[in-house]
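Numbering (the working numbering), first residue to last: 1 to 290.
A portion of the hints provided could be inaccurate.
To be verified - Pairs of lysine-lysine, DSSO-like flavour, derived with a Cα cap of 27 Å:
1) 166 / 184
2) 184 / 160
3) 166 / 90
4) 79 / 160
5) 127 / 90
6) 90 / 275
7) 127 / 176
8) 160 / 176
9) 200 / 127
10) 176 / 166
11) 166 / 200
12) 79 / 176
13) 79 / 184
14) 200 / 275
What the hints assert, rightly or not - Cβ pair distances, simulated, as ranges:
15) 158 / 182: 21 to 29 Å
16) 41 / 181: 29 to 37 Å
17) 173 / 196: 23 to 31 Å
18) 150 / 50: 49 to 57 Å
19) 226 / 126: 40 to 48 Å
20) 75 / 119: 22 to 30 Å
21) 59 / 266: 23 to 31 Å
22) 23 / 253: 25 to 33 Å
23) 85 / 194: 28 to 36 Å
24) 48 / 266: 19 to 27 Å
25) 40 / 133: 37 to 45 Å
26) 196 / 133: 33 to 41 Å
27) 195 / 158: 19 to 27 Å
If you are wondering where the hints come from, they were derived from the structure by calculation, not from laboratory data. Even glycine gets a Cβ: it sits at the ideal position worked out from N, Cα and C.
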Amino acid sequence: MRLAMFAPVLTALVTLDSPSISPLAVRGWIVSSPDRAYLERVVEAAPRYGINHLELSHDIIMAVTDTVPSAERIRLIEKVAQAAARRGVKTYIWSQELGVAQTALNLDPYSTAGAAFWEGRRAAYRKVLRACPTLAGVVLMFASAPTRIWRSPPRGAFWKGLSMPKRARFVTDEVKSVVVHEFKKELFVRDFNHSPAELKWLIAALRNDPEITVVSKAAPQDFQPFYPHSFSLGAYGTTRQIAELDLDGEYWGRSLIPSSQVGYLRYRLRHGVNKHIAGAVGRIGPDAGA
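With the hints as constraints, model all of the structure from the sequences given.
Written out as structure tokens, the structure reads:
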């Protein structure tokens, strides 16, 4: 088990350098492995490390569709969410949009085909949230999705006329209509991206929204330790924001090589706190590549 090595890191997450600083409101882990025994150990350990937020990602779930996750995976997600809830920990699932891999999509909600497509996306979220009622919410993202909103062919006057920020805003509002408005759950939106332009579009799309929380990597794109701070930290106006950090060593051994990151994480978190983040989540192993 790899959790013990994170005790100093999570002390840094909660208190930073000074006991006079209140703990961050959101203190989370991101887990990517569907291994049941591992997930049980994670949930059992969470309260000892002050964790109150758990995200299920990657090999557990990456997209909400009619067929993904499977019935077996749905049962696993709900079981984890129930066990976490008993310990005061909220559980969330990741979901990429557009979560379908099709080459010819009509995304115009004013057309018959487009209206049916968006109703299908809303129905997929309803299905999962009804099957997993203990979930606290969803973590939405756009980068690396099966169909990327930036590249979707502009079929129909509506979609063709949308700027890139308005595309992100439109999809966010579609998901929010189910997650937040219908089910009264929380919606987090990751601003993970593949270019500075994409990140700028997301900032423009997600500013000043009281109904969502933005999740921003401490670095502008991947978890490269030598990257500068992300320019998205503090850029979302009144939208609540938390930072995402790498506790799994994606670029330095994926937890297989022991390393101390306390100083590095304090450096990232100091900057985030100065930008008024409301919390932080750390990605922990194991993962499929480890």
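Cross-check of the supplied hints:
The straight-line distance between the Cα atoms of residue 166 and residue 184 is roughly 24 Å, inside the 27 Å bound, and the hint therefore holds. Restraint check: the Cα-Cα separation between residue 184 and residue 160 comes to about 32 Å, which exceeds 27 Å; the hinted pair is violated. At most 27 Å may separate the alpha-carbon atoms for a hinted pair to count; residue 166 and residue 90 exceed this at roughly 30 Å. For the hint linking residue 79 to residue 160, the alpha-carbon distance of about 42 Å lies beyond 27 Å, and the restraint is violated.
Straight-line distance between C-alpha atoms of residue 127 and residue 90 comes to about 19 Å, which keeps the hinted pair within the 27 Å bound. The suggested pairing of residue 90 with residue 275 holds, with an alpha-carbon distance near 24 Å, which does not exceed 27 Å. About 15 Å separates the Cα atoms of residue 127 and residue 176, which keeps this hinted pair within 27 Å; it holds. Using a Cα cut-off of 27 Å, the hinted pair residue 160 and residue 176 holds, with the two alpha carbons roughly 22 Å apart.
Of the supplied pair hints, the one linking residue 200 and residue 127 is violated, its CA atoms being roughly 32 Å apart against a limit of 27 Å. With a C-alpha separation of about 15 Å, the suggested pair residue 176 and residue 166 falls inside the 27 Å cut-off, and the hint holds. Restraint check for residue 166 and residue 200: satisfied, since their Cα atoms lie roughly 12 Å apart, inside the 27 Å limit. With a C-alpha separation of about 24 Å, the suggested pairing of residue 79 with residue 176 holds against the 27 Å cut-off.
About 20 Å separates the Cα atoms of residue 79 and residue 184, which keeps this hinted pair within 27 Å; it holds. For the proposed pair residue 200 and residue 275, the alpha carbon gap of about 17 Å is at most 27 Å, so the pair holds. For residue 158 and residue 182, the hinted distance range of 21 to 29 Å is satisfied, since their beta carbons lie about 23 Å from each other. Taking the beta carbon of each, residue 41 and residue 181 are about 36 Å apart, inside 29 to 37 Å as hinted.
The hint said 23 to 31 Å for the Cβ distance between residue 173 and residue 196, and at roughly 24 Å that hint holds. Remark: the range hint 49 to 57 Å for residue 150 to residue 50 is contradicted by a beta-carbon distance near 37 Å. Checking the proposed 40 to 48 Å range against residue 226 and residue 126 shows it holds: the Cβ atoms sit about 43 Å from each other. For residue 75 paired with residue 119, a C-beta distance near 26 Å keeps the hint of 22 to 30 Å intact.
Against the hinted window of 23 to 31 Å, the Cβ-Cβ separation of residue 59 and residue 266 comes to about 30 Å, which satisfies the hint. Look at residue 23 against residue 253: about 29 Å separates their beta carbons, and that is inside 25 to 33 Å. Our hint of 28 to 36 Å for residue 85 and residue 194 holds, since their Cβ atoms are close to 35 Å apart. Evaluation of the 19 to 27 Å hint for residue 48 and residue 266 yields a pass: the beta carbon distance comes to about 21 Å.
For residue 40 paired with residue 133, a C-beta distance near 20 Å fails the hint of 37 to 45 Å. Evaluation of the 33 to 41 Å hint for residue 196 and residue 133 yields a pass: the beta carbon distance comes to about 39 Å. About 25 Å separates the C-beta atoms of residue 195 and residue 158, a value consistent with the hinted range of 19 to 27 Å.
The structure shown violates the earlier hints numbered 2, 3, 4, 9, 18, 25.
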